[in-house]
Amino acid sequence: MQGYLGETIAAALVANGVKVFRYTEKHKRARGFFCAVGKCSSCLMVVDGIPNTMVCMEPLRAGVRVERQRGRGKLKTGDL
Amino acid sequence: MKHTEIAIVGGGPAGLCAGIVAARLGARVTVIDDNPRLGGQLIKQTHKFFGSKSHYCGTRGIDIATILEQELRKTDAEIILNTTVVGYFQPNILGLASRQEFSKLTYERLIIATGAYENNILFENNDLPGVYGAGAVQTLMNVYGIRPGNRILMVGSGNIGLIVSYQLLQAGIEVAAIVEALPVIGGYHVHAAKIRRLGVPILTSHTIKAALGREYVTGAIICRVNRNLQPIKGTEKRLKVDTICLAVGLSPLVELLSQINCHLVYIPELGGLVAWHNDNLETSVPGVYVAGDVSGIEEASTAILEGRIAGAHAFLSLKGKNPEAEKIIKEAKKELSAIRQGPFGEKAIRGKKSLWSLKPEPVRI
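Residue numbers (the numbering used here), protein chains in the order written: chain A, 485 to 564; chain B, 72 to 436.
All clues given are correct.
If you only want the chain B side, here are some residues facing chain A, beta carbon under 7 Å, derived:
(1) 105
(2) 198
(3) 200
(4) 204
(5) 207
(6) 210
(7) 217
Derived by calculation from the structure, the hints in this document are not laboratory data. Every value quoted in this text rests on a predicted model; they were computed, and no experiment measured them. Quick reminder that beta carbons are idealized off the backbone N, C-alpha and C, glycines included.
Just need the whole structure built from these sequences, with the hints factored in.
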């Protein structure tokens, strides 16, 4: 996928037609872009292996790996 | 641990103006914002503002952001971007988190100008991807030049709903309809007329009943409402849309104020829960101020004036008597009451009056 530097990851995803950013823990409901200002937590995704990243605030960078998050995501052991 | 005299949380119009005033008067000021640039929501407002010259009427929001940022950068104020204030610790300590690190900042006076967040309303499937806040639609279109969808239903006919609808039309996006639960259009008629001339129906006494779709929005059901705003059975209508935009108001972002133990009161006219504050914008916790939407939902122009008052008063309470600061406060208060004489100020006046009629509870620390 392609985007522009200076965009957020969320903006680039919307521009590429991606609507579903994650699925909720309990009811597996789809979640997407909502507030765009880092407040609502609808856009949490796994970015370069780090879960719960607010992609509406995260700047796009070349080669970044962005994955749909399921539930709460998993921290790799040794991350903390 | 770093130390500052006046810490300001939020770099929108209120925080910027508080910072400009306090730093010019001679205080050591630190402004913290979680975005990569200053300006708050002004940066997505490409339309020209109404109002009077002293609060930048006729200037686009994005240009006001640039002007205020330049003014702040001319002072000695420290600006910390990409950083969220994630907590308050006793006494007078803020926790700051950036992507790289967590740090602490101590302060003598604190101005909270965190703004507000987008309201959602109750309807079936209101969590489906494709249901966006109006601010998010403005961000996509006006900051990044990205079309949020191809055919949109707008919910809410206040000025935000009307202006964003017009901008969507300018971007070549179809607006299927604007629904408004009240029997009258909420925003300025000059905006409503422009949209109607382009053939977009503004349906008053209508609301959204459901969003359709499994993984994302593929349509919407709207219906009429009665005088008590309850849906009327049998009036449902199906619209084929891929995006639903909610412009149904904002709520003040009071989490930090609540953690600091400021006395919070529920004032519907101000957008819900707000920190009690006096006309100098000082809350029930001495030395802690509010300014802008967090003190009650209004407009950028009132946020600018409240910021000036809070900045000048924080300086006064820190450094003692100062004729220049007193003059700033006096003038801003005068302008504020003049602005609130306008058609949309009535609600704010009612809200602030009921706020001031309440006594703050003594602070428990």
